[in-house]
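S.K.: Sequence:
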Amino acid sequence: MRHHPLLRVLTAIAIPLAMLGALLVWGVSSPPGSGPDDDYHMASIWCAGGDVEGRCEATSSPDYRMLPAEIVKGSKCFAFYPDQSASCPIPDRLLRTDRGNWLDHSYPPYFYAVMSVFVTDHLGTSILLMRAVNSMLYVGVLTALFFLLPRGMRHLVVWTAAISIVPLGMFLIASVNPSGWSVLSATGLWLAMWGFFVQTGARKWILAAISVLLLLLGAGARADSAVYGVLALIVAAVLAFRRDRRYALDLILPAALVVVAVLLFFSGGQSAIVTGDTAVEDRPLPLSSLVFVNAKLLPQLWAGVFGMWGLGWLDTTMPGIVWITTLTVFGALCFMGLRVGDWRKRLALAGAALALVAVPMYILIHDAVIVGSYVQPRYIYPLIIIFGGVALVGFARAGLGLNRLQLVVVAVGLVLANSVALHVNMRRYISGLDVQNFNLNWPIEWWWNVPLSPMVVWAAGSAAFAVAAGALVLLVWERRTAPLEEERVQPSESLVA
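Reminder that position 320 of the sequence shown reads as 302 in this note's numbering, one-by-one numbering, no gaps.
Hints are supplied without guarantee of correctness; some may be wrong.
[Stated by the list, open to error] Pairwise CB distance ranges (calculated):
| # | residue 1 | residue 2 | range |
| --- | --- | --- | --- |
| 1 | Ile234 | Phe129 | 55 to 61 Å |
| 2 | Asp324 | Ala95 | 41 to 47 Å |
| 3 | Val391 | Thr(-7) | 17 to 23 Å |
| 4 | Glu35 | Arg328 | 56 to 62 Å |
Hints were generated in silico from the structure; no laboratory data involved.
Ideal placement from N, C-alpha and C gives every residue a C-beta, glycine not left out.
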């Protein structure tokens, strides 16, 4: 279906703005300290710039720092207590803590250094500012990537993000957790590098710069994201494979980035293990039993990305309408994607699938734990994103061959899942999950000091996501539906500028 040029321009502007609005609402849906290990991450941010009076002060022991009590104790009263709201009395003084990256250097310092620029004297303002910056970074980079890629690849930016972002992605992107940058890197790096291989002129080199940026963002936030970055680079190289001299020369950039990724990987404590808190001294099960049990339970870890596990400190349980819907959409579209593509797509997809099994199994067996203990879905979330994106490679049309009804079902499903997940996340902190009331304005035990009520904010966030989804459906709406067989296209054939 051909749209009026002005309508296409307005839609192209509305989509990123609406998506940014949806992420910003997720950023205000929970208090400081609501993200996983936020006490650790906030302390690391506040101390990234060194000792500052009243913000991060040294102690007689190099292992400890003095930080505002809101950072050290802010989440203690509600973390792991889903029925407890975020209304916690916190003393206005500095407290001693050893929970921070200065002690074990488990994470690369770069994410914390960038976020420290936005630290103010008010914790709430600082956290909201950081969440907004990370949301704008995600939308801004992917929007730029969309317009720089060849026309036949642009829909992959949208679909890669859309089928895996609810609910975990929405929560992490609009947070102060380093995993948010890993999500952005996984979503865009393989596409940016693939675009570098196939584009020409100025766009080719801008895509090269974006590839470098995305690798640095991911590997500079989490050391294990460097591993996922290498996978993304390999996927791009496989998808773009050609037997010519230009391809061989283009390989220099991803090869150099692999070296950078390796260096960043060993710069953080996570190079020894994806999470330093998971190691145990004694194996509870013999190795054979450990492998057998984890192999059976591994799909639960994958499903956790879609809401089967809780958000925050894993204590905000998502109802079935969220995770069943998102998991169904992801699985259905990936399964449909198996019908299209050539050997390059199949090889890249097989590599991503192998990583989805091998990486978490290695972590679980190395640490002698089973699924459900220590290892969280967010650790392997980037692998899910890459797998989902590669599975959709090969469709000629932006709508992936879906007819009108199918497009509407996908859009409505994701809109509904996002709206419910946002409502549950807000309810968990406003009053605790022991209150089962649709009206978020009652009772209110915690909320920001702003003139907007929780229900208004929830409605705005839900509407923003719906606008983004609706506009995307409008752009890919076909006048008539062609049979799926006619939608097939090889990866090389889809790259038509």
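S.K.: Next, verify each hint and record whether it holds.
M.R.: Now for the hints, and whether the structure bears them out:
1. Ile234 <-> Phe129: 55 to 61 Å: Violated, since Ile234 and Phe129 (Cβ atoms, about 26 Å apart) do not stay within the stated range.
2. Asp324 <-> Ala95: 41 to 47 Å: About 43 Å separates the Cβ atoms of Asp324 and Ala95, which means 41 to 47 Å holds.
3. Val391 <-> Thr(-7): 17 to 23 Å: Between Val391 and Thr(-7), where Cβ atoms are some 21 Å apart, the hint holds.
4. Glu35 <-> Arg328: 56 to 62 Å: Holds - the Cβ-Cβ distance for Glu35 and Arg328, about 59 Å, lies within 56 to 62 Å.
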